[in-house]
Amino acid sequence: MAMDEAEAKEQAKKYYRHDVELSQEEDVLDTWFSSALWPFSTMGWPEKTKELDLFYPTNTLVTGADIIFFWVARMIMFGMYELKKIPFKNVFFHGIVRDEIGRKMSKSLGNSPDPLDLIKEYGVDAIRFSMIYNTSQGQDVHFSTDLLGMGRNFANKIWNAARFVIMNLEGFDVKSVDKTKLDYELVDKWIISRLNETAKDVKDCLEKFELDNAAKAVYEFLRGDFCDWYVEIAKIRLYNNDEDKKISKLTAQYMLWTILEQGLRLLHPFMPFITEEIWQKIKVDGDTIMLQKYPVADDSLIDVKIEKSFEYIKEVVSSLRNIRAEKGISPAKPAKVVVSTSNSEELETLEKNELFIKKLANLEKLTCGTDLEAPSQSSLRVAGNSSVYMILKGLLNNEAEIKKINEQLAKLEKELEPVNRKLSDEKFTSKAPQHIIDRELRIQKEYS
8 MAMDEAEAKE QAKKYYRHDV ELSQEEDVLD TWFSSALWPF STMGWPEKTK ELDLFYPTNT
68 LVTGADIIFF WVARMIMFGM YELKKIPFKN VFFHGIVRDE IGRKMSKSLG NSPDPLDLIK
128 EYGVDAIRFS MIYNTSQGQD VHFSTDLLGM GRNFANKIWN AARFVIMNLE GFDVKSVDKT
188 KLDYELVDKW IISRLNETAK DVKDCLEKFE LDNAAKAVYE FLRGDFCDWY VEIAKIRLYN
248 NDEDKKISKL TAQYMLWTIL EQGLRLLHPF MPFITEEIWQ KIKVDGDTIM LQKYPVADDS
308 LIDVKIEKSF EYIKEVVSSL RNIRAEKGIS PAKPAKVVVS TSNSEELETL EKNELFIKKL
368 ANLEKLTCGT DLEAPSQSSL RVAGNSSVYM ILKGLLNNEA EIKKINEQLA KLEKELEPVN
428 RKLSDEKFTS KAPQHIIDRE LRIQKEYS
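Residue numbering for the sequence shown follows the working numbering, starting at 8 and increasing by one per position.
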């Protein structure tokens with residue numbers, strides 16, 4: 008291979024050991040010429056085929072911005088010249104995957120990971136989802152295997168939630184359910200509202216080519232709303248075998264199936280393999296999830312008031328969990344809680360959902376009312392317009408708590424020591440760059 012004619016002659020002479028007359032092949036086109044023909048040459052052109060009529064022009068071309076002139080512009084020129092039509096309506100330029108220090112990945116640099124090794128460790132769906140989730144529209148992404156962990160964890164979360172749902176659908180037939188006779192709780196109305204709101208958000212994002220935001224919307228709904236909240240509350244209803252709770256249990260089963268099935272459809276473009284595998288186990292009709300209708304939002308089922316009420320429950324439960332975490336109180340220890348509110352809607356929400364709150368936060372007693380006094384020896388958090396008190400008496404080991412605080416103080420003092428030493432050193436303050444000094448001052452302020 009030679010870069011020019013002179014170099015080619017020199018190489019030929021060296022090989023044949025005498026002067027050689029070379030001539031350049033004239034009937035050669037570069038690779039971009041054939042690539043420019045791709046939109047219509049693959050459809051049977053120059054013949055007038057059904058494929059050409061159906062697929063030319065197409066809707067969207069997805070490519071990198073680094074080949075706009077080499078490929079995109081030439082496809083447009085050739086398409087206009089031969090067929091008098093631009094070959095696509097939209098061009099979506101995705102970002103370039105770079106290494107951790109910003110270099111374009113290439114074989115010559117050796118900075119490109121082996122995809123088969125990544126697939127073996129993380130899985131195809133996890134890689135696909137992680138890359139979409141972490142790549143903002145039009146922006147390059149600095150690749151690191153650290154990015155892939157969240158996709159793998161998400162896939163595991165979906166798989167485990169699906170296993171739970173399937174195990175609790177034994178004897179359940181969705182076709183025989185009369186939806187009008189079910190007992191819909193606040194949590195059911197909330198998850199249906201969130202499903203439709205998510206479907207609406209995903210549609211809007213996809214139409215604007217905001218693939219990362221679409222993936223984030225699906226992630227927040229399935230991982231947060233469905234797995235972390237709805238499934239946990241469903242357990243309370245499913246494990247209650249009282250005769251008068253049969254309809255509540257059936258409602259939970261129906262909602263679990265519905266949300267999982269629709270959620271899999273939403274997730275399918277981002278995680279095609281795991282969604283197909285799970286869908287095959289819960290499907291009613293159809294051969295593959297690929298051919299099912301993508302969820303379309305029903306605006307009449309989006310209820311802002313319902314969502315606000317359930318968000319309040321989440322705030323109350325989360326605030327109690329935070330108190331436990333901060334105070335080192337075991338989640339297994341039942342607690343007594345007082346919630347005082349001046350808001351009648353919040354009080355009604357608390358009273359109607361007392362069972363769920365007590366189970367989710369492991370409460371021995373929940374006292375709700377208006378303008379209640381703060382109990383002694385309690386820790387306070389605010390949720391909505393409510394004051395949430397957890398009574399600490401009997402929950403804390405005072406000696407252990409004092410020891411823990413002293414250890415934290417000692418640790419902070421130790422971490423602050425080198426910062427104070429630097430800032431009191433005149434050589435450091437006179438020679439160090441200002442942003443370094445500002446950083447140390449910021450640390451000193453945070454720890455003081």
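Please note that the accuracy of each hint is not assured.
Said to hold, decoys possible - Subject to a maximum C-alpha distance of 25 Å in a straight line, what follows is the list of computed BS3-like cross-link-like pairs (lysine-lysine):
(1) Lys186 x Lys252
(2) Lys196 x Lys321
(3) Lys400 x Lys334
(4) Lys452 x Lys340
(5) Lys334 x Lys256
(6) Lys400 x Lys366
No wet-lab data here; the hints were simulated from the structure.
Being a predicted model, the structure only gives us computed values, none of them experimental.
Hints versus structure:
no., hint, verdict
1, Lys186 x Lys252, "holds (16 Å)"
2, Lys196 x Lys321, "holds (15 Å)"
3, Lys400 x Lys334, "holds (12 Å)"
4, Lys452 x Lys340, "violated (37 Å)"
5, Lys334 x Lys256, "violated (35 Å)"
6, Lys400 x Lys366, "holds (20 Å)"
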